[in-house]
Structures are given as structure tokens and as C-alpha cells.
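Novice: The listed protein sequences derive, respectively, from chains A, B, C, D and E.
Per the numbering used here, the first sequence runs over residues 24 to 322.
Per the numbering used here, the second sequence runs over residues 24 to 322.
Per the numbering used here, the third sequence runs over residues 24 to 322.
Per the numbering used here, the fourth sequence runs over residues 24 to 322.
Per the numbering used here, the fifth sequence runs over residues 24 to 322.
Fair warning: there could be bad hints in the mix.
Heads up, the list lumps identical chains together, so a pair's fine if it works in one copy or across two of them.
[Unchecked claim] Here are the simulated lysine to aspartate or glutamate pairs, DMTMM-like style, with alpha carbons at most 25 Å apart:
#1 318 / 284
#2 223 / 213
#3 222 / 304
#4 223 / 189
#5 58 / 159
#6 251 / 128
#7 318 / 124
#8 222 / 150
#9 223 / 304
#10 223 / 301
#11 223 / 280
Hints in this document: simulated from the structure, not taken from any laboratory.
These figures come from a predicted structure and were not determined experimentally.
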Amino acid sequence: MITSRLPRTVTAWRPLLVPLVVLLAWDVLVTVAFKAGWIEFRGITIQYTLYGTAIALFLGFMVNASYARWWEARTLWGSIVNHSRNLGRQATTLLDRTVPDARADLPGEIVRAQVAYVHALRTSLREQPSPPEVADYLAAEPLARVRSSTSSPTAVLSHVGRLLAEAQQRGMVGDIARVQIESTLSVLTDAQGGLERIKKTPLPVQYRFLPSFFARAFCLILPFAVFKDLQWWTPVGSGLIGMMFLLAVQVGRDLADPFLDRVHDVPMTAICRSIEIDLLEMIGADTPEAVGPVKQVLW
Amino acid sequence: MITSRLPRTVTAWRPLLVPLVVLLAWDVLVTVAFKAGWIEFRGITIQYTLYGTAIALFLGFMVNASYARWWEARTLWGSIVNHSRNLGRQATTLLDRTVPDARADLPGEIVRAQVAYVHALRTSLREQPSPPEVADYLAAEPLARVRSSTSSPTAVLSHVGRLLAEAQQRGMVGDIARVQIESTLSVLTDAQGGLERIKKTPLPVQYRFLPSFFARAFCLILPFAVFKDLQWWTPVGSGLIGMMFLLAVQVGRDLADPFLDRVHDVPMTAICRSIEIDLLEMIGADTPEAVGPVKQVLW
Amino acid sequence: MITSRLPRTVTAWRPLLVPLVVLLAWDVLVTVAFKAGWIEFRGITIQYTLYGTAIALFLGFMVNASYARWWEARTLWGSIVNHSRNLGRQATTLLDRTVPDARADLPGEIVRAQVAYVHALRTSLREQPSPPEVADYLAAEPLARVRSSTSSPTAVLSHVGRLLAEAQQRGMVGDIARVQIESTLSVLTDAQGGLERIKKTPLPVQYRFLPSFFARAFCLILPFAVFKDLQWWTPVGSGLIGMMFLLAVQVGRDLADPFLDRVHDVPMTAICRSIEIDLLEMIGADTPEAVGPVKQVLW
Amino acid sequence: MITSRLPRTVTAWRPLLVPLVVLLAWDVLVTVAFKAGWIEFRGITIQYTLYGTAIALFLGFMVNASYARWWEARTLWGSIVNHSRNLGRQATTLLDRTVPDARADLPGEIVRAQVAYVHALRTSLREQPSPPEVADYLAAEPLARVRSSTSSPTAVLSHVGRLLAEAQQRGMVGDIARVQIESTLSVLTDAQGGLERIKKTPLPVQYRFLPSFFARAFCLILPFAVFKDLQWWTPVGSGLIGMMFLLAVQVGRDLADPFLDRVHDVPMTAICRSIEIDLLEMIGADTPEAVGPVKQVLW
Amino acid sequence: MITSRLPRTVTAWRPLLVPLVVLLAWDVLVTVAFKAGWIEFRGITIQYTLYGTAIALFLGFMVNASYARWWEARTLWGSIVNHSRNLGRQATTLLDRTVPDARADLPGEIVRAQVAYVHALRTSLREQPSPPEVADYLAAEPLARVRSSTSSPTAVLSHVGRLLAEAQQRGMVGDIARVQIESTLSVLTDAQGGLERIKKTPLPVQYRFLPSFFARAFCLILPFAVFKDLQWWTPVGSGLIGMMFLLAVQVGRDLADPFLDRVHDVPMTAICRSIEIDLLEMIGADTPEAVGPVKQVLW
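For reference, chain A alone in the conformation it holds in the complex (with noise of 0.2 Å):
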């Protein structure tokens, strides 16, 4: 997530710039074509027009759509920062330390696993290796079993649960306060499955190919459109509108999937390391420091 308000680091330019090269030679050469009388052309209004209203619409359409992914990914990373503190609270506050049984660090656990969920989670949908997080906060043993399953994220929630259910064996916790932990932790998958929703459900494929095909189109026939007014001035005034058209097509692809490791992502890794200190706090650990944005851009 860029944090500033004008986009200064390169790389949220940078898929913009060969299409800019491109679309300002064209309108340069076209303009010395006519200039130099190699081609003639009658004021052609009227296809413009639909040609825009067109265009318009579908790019309404797909950078309303990708926003609305955009939100919801942004809201179902606020429900598992949301529901990460409850399971720290609830693991703290409702698991009974002092029955005989009871095992001590158990709460602590479940808050350490919790903190390892959110990093496998946040890896497992940039499709990065298993982050270092996931090692410091799982024993050995548990920490094998992730290894070696297909999902980690689900591997870990799966251990957060089987600890819950040693807490209950251990009489630590009764029926009505586990259901609420438990709750908790549907809450968790519920989240989860849908980020992996938007990860694996890109945008219609009609919706990531038409707006961008009609827009690269549109700035292709533009300088033959506005020679007659502008004249010399043809590359500035269509090179501008161009310029716009493919602005708005780069936002909608920005916004549409915003777990690939860019600048435009959901700041993940902010989000989980603010997790972890929270917890870690409610456990009285260590906490490590905040994340601030690298280059004005927050990851």
C-alpha cells in the first residue's frame, strides 16, 4: 500500500511506461503523417462519442468490481486482526490455570500459534516460502506437521484447535466458554476461505481482457480523431486523454488482486506484525517492532 499521496517510487509507474512510449510515438507519428500530407481523413465525430460511452462502461464495470475486491480483501484481514485479539483474549482470560490437571503455558501456546496462523496465512497467499515467524512461534513437533501438509494456514488453525481441545480434556475450560473459542476459530476459516476466494477467483477473464483490448484500441485510432482541432498539439491532447483511458484500466488491475507481492498489495505484513505485538503483549513476551512503510510504500 503506498502511503503518500503522490506515488513517488518507480515501480508504481513503471507498468505504465512502456504503454505511455508507445501510445506518445504513435500519436507523434501520426500527426506527422498527416502533416506531411501521407494521409488524409474527414472530421469523424460521432464514432468517438459511442466509441467512449463504450469504453466508459466497461471500465466502470471492472474497476467498480476490482475495488469491491479490494475492500473486502482489506475487511477480511480487519475481522482476522479483530478475531486474532478475541482468541488472545479468550485464551488468557477463559482458560482456568489452576485446576489440577492443568498445563501452564497452554494459553501462551494457543496465542504463539495464533501469531504463527497469521503469518503462514499472509506467505500462503503471496505464494512466498514459509515465513520465519511460523518456525519461532510452533514446537518441533506441530511444526513438522505443518511442513508437511498442503495448506500451512489450515495445518496451523488445525493445532490452534487440537490444543483447545487438550485444554478441555485438561478441565481447563467448560462447555459454553470452549463453544465461544470455538466460534472464534470459525470466524478464523470463514475469513480465511475468503481471502483464498479473491486469490483464486480472478476477475472474469472478459473483464481483465476487453477493457484493456478496447482502451490500447481507442488510443491506437485517438490522434486521427483530434489532428484536425489540434494540429501540432495532437500528441499532448491525445497522448493526454490516451493517458487517462489506460490509467483508469492500470487502477482496475491494481486493485483486483491485491496479494501479489506490489506496491498496490494489502499491507499484510504490516497487518500480521501488528498482530503479533498485540498478542505477544497480552502473553507479557518480547515484542518486535512495528512495520513502517519502505519508500513510502507500507507492505
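Dock chains B, C, D and E against the given chain A, drawing on the hints supplied.
Specialist: Only chains B, C, D and E this time, still in chain A's reference frame:
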């Protein structure tokens, strides 16, 4: 679901082939007729803008409604994924196999029935015959009952309910835990009902018929509008604009009915297989291969 | 609900017949008047674009709101379907017929009352007299009470509640299970309330009156705008555009009130019959035939 | 709420009267000024289209937001209807009048207090004095407390809560049932909070001020744009377009604040009376007449 | 929040002052340049329409998203209002002060801590120092803990949780009632999480930067388009249109970040004071004055 950025499969383009060829032929015909002096028209501007506005209105309604249907269908399947996992976790951890009257393979039977359920739901939505998985994962007696019922998925889910009742009669599960598992069944019923609602209630006929009709009528009169400006380029200009409107109609159609066993379907086969793998892992059974895209289409 | 792709029934087109004939007659009249030199006008472009924009604005508000009402109505009926099934499953599996004081036919009575409920709700929404199903599925005493009440569906649902209370008094159902069944009744009450809200609260008068008024006014002045360009083709061009705006208004109207016993209704008869079949199957009773489309209209 | 298709009451049109007369007078003045040669202008097209686009943008934001507010208000009142019924059903069926310490008229008192609640909420939202129903349905002691409180509806609902607490102290209701009734109270609190949120948070000032300002400015310059084409017809053409924009602004205003005791209000009087009838029927008391529309306005 | 219909405070207009003055100066400059013959241009129509369409697209995305953020923030605060009241009611009615081990002032302490919570949340969102209310309503020991924590509101809410745990240890509250109160705390956590999500996740940079950039670029080229028609009136016509686009951008900005301690904020001070009054009334303590608008701005 098409997974590539550019749909390369012929199937994706086939519904557009005939309209596009007809459109182009018509555009050429009108151009020739003008050039040959067979017909004569004065510049007609105002109608086209109004026409374009009205069609954009219709298309906007239709495509937005279609996308909402498609995404709701996908979200409901996501809910089935999450709660199938929840059911599996609950069946394997909440049922107590140590009570005197316990039947040790009951949890596994519930999990296997749930696998049969999702496959039965998938084929039911696609109006296909009962899949092999239903026979594989159900015992002979419930299978017979499912085969004789009018709605396979409902019958399989009832079977899960019956297994749960048996667990309670055997004392394997307490009151509160049973309520929790039954809530999971309720959510599954709700999601199934939502999917059947989308399946059985097509877009209103006005949304299906009118945009397509008006877009095609528009394509018919388009070359008359642009001939004066474009001359021999008329088929190109007119064809391009016409194609955009036809494509927008097609996008709406492809998304409106996401269970027709076409390339634009919600990828139910892949989703069901992924549930199958997750659930079978839980009971330690052998798991099949995940389903990958075939010619860049995930079914 | 019309099930065919192209609405062939006369009923679907009837509300448009008179406006379209009047529209065409007017267009011809204006054309003749121009040709005969009775009236004379200079080209008027700018107003039409502004007018078109304003009307598109109004129509957009209205059709979107209407579609949302229609889809909400359909979704609420979907909720009634799901929770009628849930009620049936709960009545047949959670009530214990083996306790000493049990009345063996109580579950069946609850299920049959629920069938009466959905039919009573359907006719109440369509403002029809009480259907035969209410008399068929209720005993004499509750039937009398329902008939004397102001709201049949509410009275039938109260009867279900009373049967449930009887079950508890007889010891056939425990506390927690009763709470679960009562939650189902609550959801049904909520869905019924939502349907009655849509029924009793029409679209705001501004949404009903203004789009229709302005679209018609627009049709009146349209031929003046296009005569100069289209000459004798004026009725065709003007009629086509006018028809699109009138049709958009009509789409909004047809969807805004989905319980008027018209071809565009939510297909409540078919939905109720399908609930009836599902519920009767659960108690092993004879089931009626499903309702199919009549002349491509599903009621 | 206006129930007729065409709003006939003078009140509905009054806010538009002055602007329309002023608009028409201005249009006539400009036309005369042109005809008399006092002013002279060249054709100005482009600004009007841009102006129209920008105003449509503003109006679209405003009317959509207003309609959403109106519909949310209506839906929240629907929720109050449903849960008032639920409260009535629960009070009459879940409270046990046969326990030794029971007070037989407690359920009736709860139901009557709920009737007082909805009327108190209605007048509180309309900023009217406390209605007679509050005095009719409350005993002297709670009435005094309600009258001395800052928020009548909250005070009445607290009274319901106190009656419920009394029922539990007398042993008339068990733990689980009480939780269920309290959940109903919670939902009522939530709906009340939502209504007060809509009441206390008007549309952002930008949405209230800007569309109106720009629409009026547009009306001022409109006759200059159309005079060249329409000549003496200018007041008609310009007035018609101007009226549409002013009407759109008015639609937004009428819907944005649905509790102002105006003809466009959510019909709270009718809704409250209908709850009153339903609840009184439940305890077998005499019911008042339903509220019908007065001069086609339902209050 | 501005409460007057016309924003009179200087603050509301200040961010627009500089752009408007610059805009007007530029328009005058261009007009003079044309009149003086320094520059010469042919009529340029088509680009402006396309440009306008593209900008409307961007502005539509941005303002809609901003309004949704603002309204979600207001709704979440509404949820905090409702559930603060619920917590107050539950603390005062569900805690039993008659048990032997009871601490009579515990309910009051919970209520006062909740007052501290909402004020802490308000200042935390506005990035202000801890308000006096936190010190007023918390005892010395929890106050110290809150001051040393990284997130004040979370720390206060944890304190409420601890008081609740104390109540259970003292036997003042049973299992089911505690679960109910804890659900209220969960909803508060969720609402707080949602507010922090809106605070910490600004609109995507594309939505913040691009509409503003393009609207300003548009203002720069606007006078060239209208000079031919408007001559010396160019600054008026061009300035008016330019102002509309700049205002639309400003509306989006003002709504996008509703916690910046500006005149367009969600009126958190007033909301918190109103919660304070409600809660203090519940425990019979003295209440402060409600917060009214200052110079027509409610903070």
C-alpha cells in the same frame, strides 16, 4: 473459469463468431451500397448519441446484475468450502469415540458423506447425472435412498443429519456440541438454497432480451451513421463499435448463469475436488489429485 | 416469471401496446406536418442531449431500485424455502415420540401447518382469497381461528408456535432444541416481514411518476429533433428511440412490484408447491405435482 | 408516504412552486431580451454538455444516497415491526403464569409497554410531543419516569427490561428463555439506534448544498443556450429541462430525511398503529382502527 | 459535521480558495491572450467531451468510495453507541449485588470504564493526546496501565473485561449472562477494528491522486475550449465548470478520511458525550451538558 489472461480457447469465442461475421458482412454491404449510390443519407448525429445513451443504460443494468449473480454464486460456493471444512473438523474432534456405545467409523462416515454431498450438489446444479463420487463415498443403503429421491444433495445432507442423530443416540456427542454441528448443517442448507435460487431464477426476461435486441438493432443502423466520415473505412469503424456492444451483451450473458457447464462457469469441479482432498486428509484417507485447468479453462 | 428467452405471451407486451401505437401515430403526424410545410423548425441538438442525460439519470435510479426490490423479494422467498426445510427437518428429528406423554402425529401436524403457512403467505401477498391448501393442511379448530384473523400467515405461524409449546409441555423437546426451533420461526417471521415491507411500501412516488412522465414528454418532442436528418424515415428512427425509453420505464414498473399476480411476479405458486413437496416427502405423505410454466410463464 | 400514482396533494408540489415560477419568468425574460436585441450571443454548445455531465454526477451521488437512507429507514422500521411481534409472542408464550409467585398481568403489561415504545419512538423521531398512547399504555409510575427522562423511547424500553427482570425474580422465566427475550430487546435497541443515526446525521453538507446550487445556476444560463434554436419556444424547452434538474434535486431532498412529518415521510403513524393492533390482538384486548391514507397520503 | 444547510464557516471553504483563485486568474489570462491575438486555436470539441467522460468516470469512483467510507464510519460509531448502552444495561441489571462476595460499586465501575473507553477511542482516531475523561473515569491503577499501553482504547476495553472476570469470580454473574456481556465486548472490538481499518487504510493512492490531477489539468485547458463561443465571458463559463469539477474532488477528499479533526469529521465529540450522558444516567451520576454545534459545526 478461464485462467489465462487472453481467452485462447475456441469455445470462449464461438458464441460471438456468427454475430461478428454477420455484422461485418452487413457493414461491407452498406458501404458498397453507399459507394455505388444505391442509397443516400444525410448526416445523422443526434439519434446515435441518444441511442447510445439508452443502450448504455440497458447494458449497465444487465452486466452489473449478471456480475452480482456470478460473484454471489462464487461466494456461496466459498461458504460451502468453509463449512464443509468446519463440519469435518467438528466431526473428527467433537464426536467421542471412547464411550461404550460408540461406533468408531462414524466420524469418517460423516466426512465421506459430506464429500458425496458437494459432488451431488455440483452435478445437480449443472443438470448432469449423479457423479461416481456419490457412489464411492456412500454406503449401499443411503445410496439407494439418494438415488430414489428427487433432489440428490438434499437427500445426502439428510443422511448426514441422520448419522449425527445416531451419534447422539449412541452418546458420542453432547447437547451443545450437537447444536453447533447442526448450525453448520443449517449454513450449508442456506448456501445450497442460495445456489438453487440463482440457478432457478434467471435474470428477468427484460434484462435478457432487451439489451441484446437493441444492441443488434444498433449494429444494423451504425454503418449509415459513420459512412459519411469513414467512407471505405466504414466496416472497420462500424464493426469495432458494434463489436464492443455485442461483447458487452455477451459478457452479461456469460456471467448471468454460472452453472451451465460452460467455460465461464464457476469452477465447481475444482472446488469440489479441493473440498474432497481437505476432508479426506482429515480422516487420513488417500486423496485424489487436484483439478488443474484444461486448455486454460478450470471447470 | 417468464421462462422463455423471448417473451411470447401477449400479456407481457400488452401494457406497451397503447403507448407504442400512440407514439408511432404521433411520429407519423409530425413527419407529415413537416413535409406538408405546416410547421418549420431549425436544428435543435443541444436540448436533446441534455434531456437524454436527465432522463437517463431518472431511469437509472428507478430501474436499479426496482431490480433491487425484485431480487430482495426473491431472496426472501429463498429464505422461506430454506427455513421451511429446516423446520421440517427439526420437527421430524428433534421431537421425541418415545416419551410417555408424546402425541405421535405432532411432528406431522407441524409440518402440515408449515405447508399451509407458505400458501397463506402467497395468497396474502397477492391479495387473493385463502387458498384450498390452508383448509387441506389445517385441522378444523386452527382453521377457524386463522379464518377469523386479520392476517392469515401470521395466524398460521402462531399455530405452529402453539404446537411447539404443546410439544414442550408433553416433554417431547428439551430447552436447547426448542430454542433452535424458535430461532427458525424467528427467521421466518423476519422474511415474512420483509416481504410485507416490499408489498406495502411501493417505490417513492417520485420514482413512479417522474421517469414515466418525462419519458413520454421526450417521445412527444423527439420527431422534431430527427426530422431534418431522417425525413420520411422519421417515424422509424424516432419510434425506435422512443420505444427504448418507454421500455426502460416499463422494465422498472414490472420489477418494482413483484406480488401483483402478473407475468413478471416472483413465481410464488411454483415456490410454494416445491416447499409443499419437500415437506410432505419428509413425513412420507403423498406429494402433488410440481408446477411448471404455463405458456412460458411460471406463476 | 404518497399512495396514489400521481401526487395530487398540493403539499407535494409546494416546494417546487416558487422555483418553477421564477425559472419560467427568467426564461421568458431572456427570450424577450434576445428578441428585442438587448443581448447577443453566439451558439454555445460544449459548455452545456460538460455542465450537464458534472451536474448529473452530483445529482447521481445525492439521489442514490438519499434513496439508500430512505430505504434503510423503512427497513429498520420493518425490523421494529418484526421484533415487536416477536417480543409479544415471547412475552405471551414463554412467561409461565402458573408458578406460585407469578403476577398474571405481567405479560400483558410487557406487551402494552411495547406499544407505548413504538409510539414514543415515532414522535421522538418526528420531534413531536409525547403521544397519548404513551399515557394510555403505561402505568402511572413508569409514565412519570418516562416523562422525566431525556429520551422517551429509551426510557420505555428500559421499563420493558425492568418488567422482564421482575418476571425472572418471580421465577416466571428461565435462564435460556430470558436470554432469548433480551436478544429481542437488543435488536430493537439496534434498530432504534439506526433510526436515530439517520435522523441525527443529515446528508453531508456538500451533498445538500452543491447539487441544488449548481442545478439552479444551470437553469439561469440554460435559455442562452437554446434561444438560437428555439426562438419563441425557448421558455418551453428551457423550462422543461430546468424543471427536470430541479425535480431531481427535490427528489433527493424529500427522501434524504424521512422523519420530518412531511408527505414523503416513512409512514410511521400507520406502521405504529399496525404494530399496536397486532400486539393488542395477542393479549385479547380491544384494537383500534388501522390508519388509512388521508388525501392519498399515508402518515 | 456541518449542521447548517449552507456551510458558512471559513474553514469549510479554505481548501478551495487557492485553487479557485488560480483557476480564475488562468482563465482571465487565456482570455486576454486570445483577445490580444497572442494565441490562436480552432474549435476543439471532441476532446472535451471525451475528457469530461473520463474525468466523470474517475470522480464517480472516488466520490462513491469516499461516501461509503464516511457512512461506514458513522454506522460503526452508531454500533458503538448502541452496544455501549447495551453494556450499561447489562452491567446494571445482570450483575447481582446481593451475593455475599459482591462488590457493590462494580457495575458503576464498568459503566464508568466504558465512558472512558469511547473517549479514548475518539482521541486515538483523531491522533490527539489522551482526553481528560480517561483520567476522570478510571481509577489510578488501571489509568497507569492504560497510559503505558500502545493502544489506549484496547487497554481500557481489556480493563472492562478484567472487571467482568472479577464479577464472575465474586459470583455476581452466571455463565450464560457472562457470555452475553462478552458478546457485547466482542461487537465493540469489531466496531473499533472497523474504525481503525478506515483510519489506517486510506483510499488507494490512485483514487487520491488521479482524479485531482486530471481535474486540475482539465481546468487548465478549459478556457481554450470555450473562448470561441464565450469571448469575454470565458472566465465566467470556464470558471464555473472548473469549479464544479474541483468541488467534486474536494467532496471526495473531505469524506474519505472522517477522523482528521476537520469540519467534515464524523461528530465524535458529540457522539461520545451523548454516550457519556446515557451511561451516567443509568448509574444515577451527574451528567455533563450535551455538545452542540459551534459556529454550525458539530465536532
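Novice: All hints are to be evaluated individually against the structure, with a verdict given for each.
Specialist: These are the hints, each one checked on the structure:
no. : hint      : verdict
1   : 318 / 284 : within (15 Å within a copy, 27 Å between copies)
2   : 223 / 213 : both (15 Å within a copy, 23 Å between copies)
3   : 222 / 304 : between (31 Å within a copy, 22 Å between copies)
4   : 223 / 189 : neither (34 Å within a copy, 37 Å between copies)
5   : 58 / 159  : neither (69 Å within a copy, 74 Å between copies)
6   : 251 / 128 : neither (79 Å within a copy, 81 Å between copies)
7   : 318 / 124 : neither (52 Å within a copy, 58 Å between copies)
8   : 222 / 150 : within (10 Å within a copy, 28 Å between copies)
9   : 223 / 304 : between (34 Å within a copy, 21 Å between copies)
10  : 223 / 301 : between (30 Å within a copy, 16 Å between copies)
11  : 223 / 280 : both (10 Å within a copy, 20 Å between copies)
Against the hints set out earlier in the document, violations occur for numbers 4, 5, 6, 7.
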